[in-house]
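Student: Now for the letters of each chain:
Number of protein chains: 2
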Amino acid sequence: MKYLLLLGFCLVMLSAKAQKTDQLNFTSANQFTLVGKSEETPNRYDRIDTNKYKGLPARVAQLLTNSAGLAISFKTNSSVIAAKWCVSKSKALAYMFPTAHKGVDLYIKNGDQWQFAGIGKVSGVCNEEILISRMGNTEKECLLYLPLYDKVEHVEIGVEKKATLSSGSDPFARRVLIYGSSIVQGTGASRPGMAYPARLSRSTGINFINLGLSGSAKMEPEVVDMVAAINADAYVLDCVPNTNPALITERTAYLVNTVRKKHPTAPIIVIQSPVRETGYWDKVLGTQVKQQNINIQQEVIKLLDKGIKDLYFITSENMLGNDHEGTTDGTHPNDLGYDRMLRHIQPQIIDILNKYNIKAAKN
Amino acid sequence: MKYLLLLGFCLVMLSAKAQKTDQLNFTSANQFTLVGKSEETPNRYDRIDTNKYKGLPARVAQLLTNSAGLAISFKTNSSVIAAKWCVSKSKALAYMFPTAHKGVDLYIKNGDQWQFAGIGKVSGVCNEEILISRMGNTEKECLLYLPLYDKVEHVEIGVEKKATLSSGSDPFARRVLIYGSSIVQGTGASRPGMAYPARLSRSTGINFINLGLSGSAKMEPEVVDMVAAINADAYVLDCVPNTNPALITERTAYLVNTVRKKHPTAPIIVIQSPVRETGYWDKVLGTQVKQQNINIQQEVIKLLDKGIKDLYFITSENMLGNDHEGTTDGTHPNDLGYDRMLRHIQPQIIDILNKYNIKAAKN
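Read top to bottom, the protein sequences are chains A and B. Note that the UniProt record's numbering has the first sequence beginning at 1, numbered continuously upward. Note that the UniProt record's numbering has the second sequence beginning at 1, numbered continuously upward.
It should be emphasised that the hints constitute simulated quantities derived from the structure, not laboratory data. A few of these clues could be false.
As the list claims (entries may be wrong) - Coverage of chain A stretches by chain B, computed from C-beta distances (three or more under 8 Å per stretch; other residues unrestricted):
no., stretch
1, 118-126
2, 132-143
3, 256-263
4, 342-352
Stated by the list, open to error - In silico DSS-like links for lysine-lysine, alpha-carbon gap of 27 Å or less:
no., chain 1, residue 1, chain 2, residue 2
5, B, LYS109, A, LYS20
6, A, LYS121, A, LYS161
7, A, LYS283, B, LYS283
All C-beta atoms in this analysis are idealised placements derived from N, C-alpha and C, irrespective of residue type, glycine included.
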């Protein structure tokens with residue numbers, strides 16, 4: 001028995017080695033549904049057509065070419081799924097998980113749940129990776145999440161030569177835009193599908209669009225005009241962490257009023273900044289984050305006092321838990337911090353959306 | 001008021017820029033208590049003196065030079081804490097968070113809790129980073145965790161020129177050795193202090209020693225002899241994931257019997273492998289992990305039947321939760337998966353240790 005098991009193990013290892021991408025057919029993902037887009041763009045995997053919007057800060061325009069929150073929807077009966085994709089030559093970031101920065105991850109529908117299936121690790125500019133293999137041959141609905149922090153090109157899906165492969169539908173209904181910082185974009189996540197807007201979409205069936213702008217969610221008037229120009233059923237404003245206290249006081253009203261003017265009945269949900277864990281020790285930083293959160297609350301109260309309707313506020317107390325282990329670096333939630341954040345904000349967001357009948361499509 | 005806040009913010013940013021490591025005094029960490037060691041070693045930040053043990057596989061010997069689980073204990077009243085450290089020239093790993101691979105993180109005692117304070121990001125072979133600044137000037141007990149996956153040299157602690165700096169005590173009592181795979185060593189953690197043995201030590205006050213050997217915890221007889229030679233009050237054997245089903249059947253008895261012979265009354269706790277998330281889809285892998293877990297359970301039952309005392313078994317069902325989001329890549333727990341794993345194993349481990357009066361020192 002012992003030797004049979006050992007033989008079996010060796011055969012498994014050999015078959016894994018033999019499973020190469022050159023035995024697969026690759027098809028451009030250009031023909032497949034792209035999930036999570038803010039709007040149509042000339043470059044398919046950009047988030048925004050930045051030429052349409054004048055005066056965007058250069059860093060914002062650059063971040064909008066990152067494919068954060070985008071996923072390719074396809075169906076296949078292949079027992080193997082692979083991907084090819086190209087990213088920029090930008091260096092690895094010391095503060096990000098490489099798969100989140102430039103890699104991809106795959107989810108497959110299991111019953112009515114989207115379930116993680118595998119990652120594509122990044123090894124250079126153009127990458128070719130088997131994401132999962134040795135599955136059954138039933139048809140599978142798939143979502144391939146693209147890199148959170150890089151510009152992506154030439155995405156292809158690889159399946160077995162005899163297998164079917166076709167575009168999937170967009171599994172998410174309606175549109176909720178989340179404008180925010182690196183916390184929205186997904187800096188501390190371990191892979192693209194773990195950024196919090198992606199997790200919200202999968203668990204609610206509502207289409208949460210990632211407009212996270214790492215370090216650059218500062219409510220500049222030109223960016224506010226762009227946010228307001230994007231059509232959505234609701235707007236989540238999670239842009240406190242990057243904006244200093246004075247600018248919060250200066251810019252919040254313009255942001256909320258501009259979105260309200262363009263979208264008279266859409267709910268607007270403002271979220272406080274998580275308390276930075278380093279801010280417990282770094283008294284200056286701690287005071288600054290407290291002041292940011294005081295100022296955003298004051299601004300929202302002022303707007304409500306002026307009669308702005310359909311405006312909501314989510315406070316951040318204990319958002320990342322109370323053991324101080326929910327971040328990668330004192331600022332960015334790790335996958336644990338994101339999980340706690342979702343337990344805090346998701347029920348509140350869903351309650352608000354329900355009031356406006358913003359719901360997932362029925363299965 | 002608006003301009004005062006803006007002025008305040010600008011001053012904060014300027015003072016942050018002005019805070020440079022050349023205004024600090026650096027002291028070699030060689031004179032400070034080193035926490036989490038298996039045994040004394042000629043190279044201070046190795047985990048094991050591999051020359052003492054004959055016939056270790058080359059990869060095992062190399063991994064034992066990684067500083068996984070080691071932390072420097074010191075005290076200071078400085079308002080700034082910095083570190084210098086050197087790692088190898090090995091390339092960044094596509095499957096690890098850079099701070100966990102080659103970086104450091106700092107915890108400071110807050111009341112009776114160890115609380116995260118900051119990280120040192122890796123930027124090259126030798127690194128110099130301010131971990132936290134702008135704190136109060138009271139004395140602080142500190143733990144600096146070293147890189148999980150690299151060999152470390154020349155560690156120095158930097159504090160303000162006028163500040164005190166001295167060695168701390170080892171805050172953890174007794175010794176529980178954890179022999180295991182990459183999951184023990186900490187592959188999916190976002191920083192060194194998030195590896196699960198480190199979290200166990202901080203939350204229980206008991207000294208859990210990280211003998212994680214990424215991909216190489218295969219119970220080879222030479223490695224078993226080394227594990228048994230290390231003195232500890234209890235032994236946790238979390239070595240199923242790297243060992244194929246046949247080898248589990250072949251080698252488990254020798255591992256348990258050898259540890260038992262050297263340590264007649266020490267509790268031995270065997271842990272099943274977490275179910276690999278990719279194994280849900282990859283039927284061959286899924287079957288293999290199930291077989292690993294069946295075989296280890298059979299071996300433990302056989303040993304118990306033969307009358308081995310003080311042997312315990314922890315099953316892995318739902319260890320990483322049931323939403324399939326607890327890994328970075330389908331195999332390695334992310335910080336969320338580790339948190340769930342700890343909720344599963346920690347109460348069971350502590351119950352067992354309590355029976356043997358293996359407890360934290362009183363404060």
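Student: Each hint should be assessed against the structure and marked as holding or not.
Tutor: Here is how each hint holds up against the structure:
Residues of the stretch 118-126 of chain A with a Cβ under 8 Å from some Cβ of chain B number 5, which satisfies the need for three, so the listed coverage holds. For the stretch 132-143 of chain A, the stated coverage by chain B is satisfied: 5 residues place a CB nearer than 8 Å to a CB of that chain, which reaches the threshold of 3. As drawn, the stretch 256-263 of chain A meets chain B at 0 residues by the rule of a beta-carbon pair under 8 Å; below three, the given contact is violated. Restraint check on the stretch 342-352 of chain A versus chain B: 0 residues with Cβ-Cβ distances below 8 Å, three needed, restraint violated.
For the proposed pair LYS109(B) and LYS20(A), the alpha carbon gap of about 51 Å is over 27 Å, so the pair is violated. Proximity of LYS121(A) to LYS161(A) is assessed by CA-CA distance (about 23 Å); at most 27 Å being required, the pair is judged to hold. With a C-alpha separation of about 52 Å, the suggested pair LYS283(A) and LYS283(B) falls outside the 27 Å cut-off, and the hint is violated.
Comparing the model with each numbered hint stated earlier shows that hints 3, 4, 5, 7 do not hold.
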